[in-house]
Amino acid sequence: MAKIIDDETMENVCILAKLSLSEEEKEKAKADMQKMLDYVEKLDELDTENVEPLSHIFGDTNVFREDVVTNGDDKEAMLANAPKAKEWQYQVPKTIG
Amino acid sequence: MDLEKLTALQLAEKIKQHQISVLDGVKHVFEQIEKKEPKIHAYLDTYKKEAYARAKQVQKGIEDGTYTGPLAGVPIAIKDNICIKGKTTTCASKILENFVPQYNAEVIDRLERAGLVIIGKTNMDEFAMGSTTETSAYGVTRNPWDTEHVPGGSSGGSCAAVAAGETYLALGSDTGGSIRQPSSFCGVTGIKPTYGTVSRYGLVAYASSLDQIGPVGKDVADCAALLEIIAGHDTKDSTSIERQDLNFTKDMEGKLMGMKFGVPKEYLAEGLNPEVKAAFMDALKILSQQGAIVEFFSMKTTEYMIPAYYIIASAEASSNLERFDGVKYGYRAKEYEGLHDMYKKTRTEGFGEEVKRRIMLGSFVLSSGYYDAYYLKALKTKALIKQEFDRAFEKYDVLLAPAAPYTAPKLGESLKDPLAMYLGDIYTVAVNLCGLPGITVPCGMDSAGLPVGIQMIGDCFMEKKILRAAKEYETCRGTFPTAEEGGRKA
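Note that the protein sequences, when read in sequence, are chains A and B.
Number 8 in this note's numbering belongs to position 8 of the first sequence; there are no gaps in the numbering.
Number 433 in this note's numbering belongs to position 433 of the second sequence; there are no gaps in the numbering.
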């Protein structure tokens, strides 16, 4: 039996996804997700008891490099797309009261 | 000279022989763009002025020996999720409507070093999430074979542009079939390389463990030549692989005698359109007639491929797309109260419906309490799918499948039922889950005159095998009509 997506779960998903949906959108999203979860429940048919999860196809070896700075001062480039910037910093709404 | 009839390699050859100038080729492409774009809308942006200037520079470079490659002077279009310095890169999303990259993707640097001429950015499904190019925030692209139909997706703009003759070559990206499926719908050729073969540096991430950039072109040789240019190790992408066998255009000619092809029986079961099946079976016949061994075998994990894919892809998407928060780049909501409200409003206003759907699904399957039941289960399923492909490649050189269960759907039909749309990815997603290379080559048409493509899948790093098979098949199949010749409303 697939997980039933109730209002509380939907609320949590919206918090995690950082989305604010209207009641109507929430209902639709709930139905869509329920349908999808009912469908992917199919995976339960597979016995994966002794199967190792596979994340990387070619093994999980880390790629290291020397900790050497290769880029220059890209301050201007880094801020070029900022919706709001001030004194060479990204500007966001007040976060501490 | 009939410029539209030339392949990219033929155009480059004629440029080398001074029969055509680089500017002639570029001008021709822009004439086609001006003529066809009002109907097709394959492009989100074009760079006529810069392309003309670049054409003159490349011409000089060819003459003085700077550019000696086989595609020097050829116009190319770029999918709009690949960064070009100074050029708006939107991913067909409102949230990146004003994003101007400050650096080039690795593939762009490689194209420039090879003397290609970039002519514009192509339309796509928003953040490459979709199979029709209808989720673009900037309007749909129409299929050049019949403008009532979609071009497929998510690289629909790239494939439509090649099919309409609005470019000679294009780059697309493929996360679950996004090059191979639209190539099939548009009657062009496209390759999804082995994972790690082409650098993802500068490709806006959708699902990092599945994404690969690949070529779209008029035929197999064009795609192989372009792949050779864009492939190669890049330290800026930690998943990039050091391969020695990147000379994809070498040894491409060769007979199919004795080559072993496997067809998963389950792929031909219920859900496959009979006309697509007929075109696919005709292609198998051609291969058999060339002395290839074609066998059917059982791929038992088939019905688990789409569930595993959509869990993994959505999970990675939800994580990758967290960066779009209105702080460092892109759209920021106009009115908000405090930081968190700014994040939420920015994302809610900036993302389209399909992207939100996948972010929400991904957030859910990764959330505490559900991670094991969904995400981990999908990764275990992926292991089983990989094992089955490994076993298949012990027996077969190349696996064959249609690229999609049907030809290009009509505009407006697919988005009504997202799950039904996802099911259409049945033949393509496992290739990404397992990191395999795949190519789509046109193999026939349905009764409405819409193209059908055959997909050839190789084991990891076996691009050369699928290229040889595809090239020989293409030769035996004979000339495939262009959209203009074969299409109904082009």
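Mixed in with the good hints there might be a few duds.
Below, computed lysine to aspartate or glutamate pairings styled on EDC-like, alpha-carbon distance capped at 16 Å [as the list claims (entries may be wrong)]:
1) B:Lys345 x A:Glu25
2) B:Lys300 x A:Glu45
3) B:Lys85 x A:Glu76
4) A:Lys26 x B:Glu353
5) A:Lys35 x B:Glu354
6) B:Lys5 x B:Asp45
7) A:Lys42 x B:Glu303
8) A:Lys30 x B:Asp417
Bear in mind the hints are in silico, worked out from the structure with no lab data behind them.
Proposed proximity, Glu76 of chain A with Lys85 of chain B (alpha carbon, max 16 Å): Holds - the C-alpha atoms of Glu76 of chain A and Lys85 of chain B are around 14 Å apart, at most 16 Å.
Does the structure keep Lys5 of chain B and Asp45 of chain B at a Cα separation of 16 Å or less? 25 Å, violated
Would you check the hint for Lys26 of chain A and Glu353 of chain B, treating anything up to 16 Å between C-alpha atoms as holding? At roughly 12 Å apart (the allowed maximum being 16 Å), Glu353 of chain B and Lys26 of chain A satisfy the hint.
Lys300 of chain B and Glu45 of chain A: Cα distance at most 16 Å? Status holds; Cα separation ~12 Å.
Regarding the pair Lys345 of chain B and Glu25 of chain A, is the alpha-carbon distance no greater than 16 Å? Given pair Lys345 of chain B, Glu25 of chain A holds - Cα atoms ~14 Å apart, limit 16 Å.
Assess, step by step, whether the Cα of Lys35 of chain A is no farther than 16 Å from the Cα of Glu354 of chain B, and give holds or violated. Holds, at about 15 Å.
Given hint Glu303 of chain B paired with Lys42 of chain A - CA-CA distance at most 16 Å: The given pair, whose Cα atoms are some 8 Å apart, holds under the 16 Å limit.
Given hint Asp417 of chain B paired with Lys30 of chain A - CA-CA distance at most 16 Å: Cα-Cα ~14 Å, so holds.
Violated hints amount to a single one, hint 6; each of the other numbered hints is respected by the structure.
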